[in-house]
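Student: If you read the sequences in order, they're chains A and B.
According to my numbering, the first sequence holds residues 1 to 111 in order.
According to my numbering, the second sequence holds residues 1 to 113 in order.
Incorrect hints may appear among the rest.
[To be verified] Quick list of simulated restraints, FRET-style, between CB atoms:
#, chain 1, residue 1, chain 2, residue 2, range
1, B, E52, A, R16, 47 to 55 Å
2, B, Y10, A, R16, 32 to 40 Å
3, B, N56, A, H40, 22 to 30 Å
4, B, G3, A, H40, 42 to 50 Å
5, A, A17, B, E52, 25 to 33 Å
[Claimed, not checked] Below, simulated SDA-like cross-link-like pairs (lysine to any residue); rule was C-alpha separation at most 20 Å, straight line:
#, chain 1, residue 1, chain 2, residue 2
6, A, K3, B, R9
7, B, K57, A, N94
8, A, K69, A, Q38
9, A, K3, A, P111
10, B, K57, A, K69
11, A, K3, B, G42
Read the hints as simulated data drawn from the structure, not as lab findings.
Since we're looking at a predicted model, the values are computed, not measured.
Every residue gets a Cβ at the ideal spot worked out from N, C-alpha and C, and that includes glycine.
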Amino acid sequence: DAKTTQPPSMDCAEGRAANLPCNHSTISGNEYVYWYRQIHSQGPQYIIHGLKNNETNEMASLIITEDRKSSTLILPHATLRDTAVYYCIVRVNNAGNMLTFGGGTRLMVKP
Amino acid sequence: KAGVTQTPRYLIKTRGQQVTLSCSPISGHRSVSWYQQTPGQGLQFLFEYFSETQRNKGNFPGRFSGRQFSNSRSEMNVSTLELGDSALYLCASSSGLAAGLQYFGPGTRLTVT
Chain A
1 DAKTTQPPSM DCAEGRAANL PCNHSTISGN EYVYWYRQIH SQGPQYIIHG
51 LKNNETNEMA SLIITEDRKS STLILPHATL RDTAVYYCIV RVNNAGNMLT
101 FGGGTRLMVK P
Chain B
1 KAGVTQTPRY LIKTRGQQVT LSCSPISGHR SVSWYQQTPG QGLQFLFEYF
51 SETQRNKGNF PGRFSGRQFS NSRSEMNVST LELGDSALYL CASSSGLAAG
101 LQYFGPGTRL TVT
């Protein structure tokens, strides 16, 4: 699986959009980008995933650059409950269920 | 549907003892994966099971083992506990064999003294 690079921490004001970047410059054509988050002392929670096109669901939007070497997770209106560690994971979808977690980005939403 | 459940939620053991942790996946899910989370190493993959067969294994010593039952419930065992085994042990379930979309349980917090 491709290696990902994320900033270790970010702050965001409550009610504003949180934009979390992820670099995955060695991504292969058949690798998907997944985002999970982990709120303190809980298990990780799936947020969204995509291959090439931008994706949106009730939790977030995922923007993948045209060359697929980076992506951005957007939380449109961050709340205090969005304070968590966000993990960007790149993996193929035919290689078992293993997820390789990096250090992630610790997002602090402030009032 | 009920989520992934893990028992016990908290556990304190002594060095040298062994421990068994249990995970019940979401109903209908046939795949269970286990992860260890420590402050120093982060989230690390232990192993995954699908239809009672171990499909993949992470880089952990043989003291860590697991199994899956016919009802998809899974257990993991750690023998000869060491202080460094203190961690949050997370279980995740998914419906398929090759799924990046997984559902995690709340974890079992193991403390080894």
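Student: Each hint: holds or not?
Tutor: Verification of the supplied hints:
1. E52/B <-> R16/A: 47 to 55 Å: holds (48 Å)
2. Y10/B <-> R16/A: 32 to 40 Å: Since the Cβ atoms of Y10/B and R16/A sit about 37 Å apart, the hinted range of 32 to 40 Å holds.
3. N56/B <-> H40/A: 22 to 30 Å: Distance hint for N56/B, H40/A holds at roughly 28 Å.
4. G3/B <-> H40/A: 42 to 50 Å: At 18 Å between Cβs, range violated.
5. A17/A <-> E52/B: 25 to 33 Å: violated (45 Å)
6. K3/A <-> R9/B: violated (32 Å)
7. K57/B <-> N94/A: At roughly 16 Å apart (the allowed maximum being 20 Å), N94/A and K57/B satisfy the hint.
8. K69/A <-> Q38/A: violated (24 Å)
9. K3/A <-> P111/A: The hint is violated at about 33 Å.
10. K57/B <-> K69/A: Status violated; Cα separation ~29 Å.
11. K3/A <-> G42/B: Holds, at about 15 Å.
Violated hints for the displayed structure, listed by number in ascending order: 4, 5, 6, 8, 9, 10.
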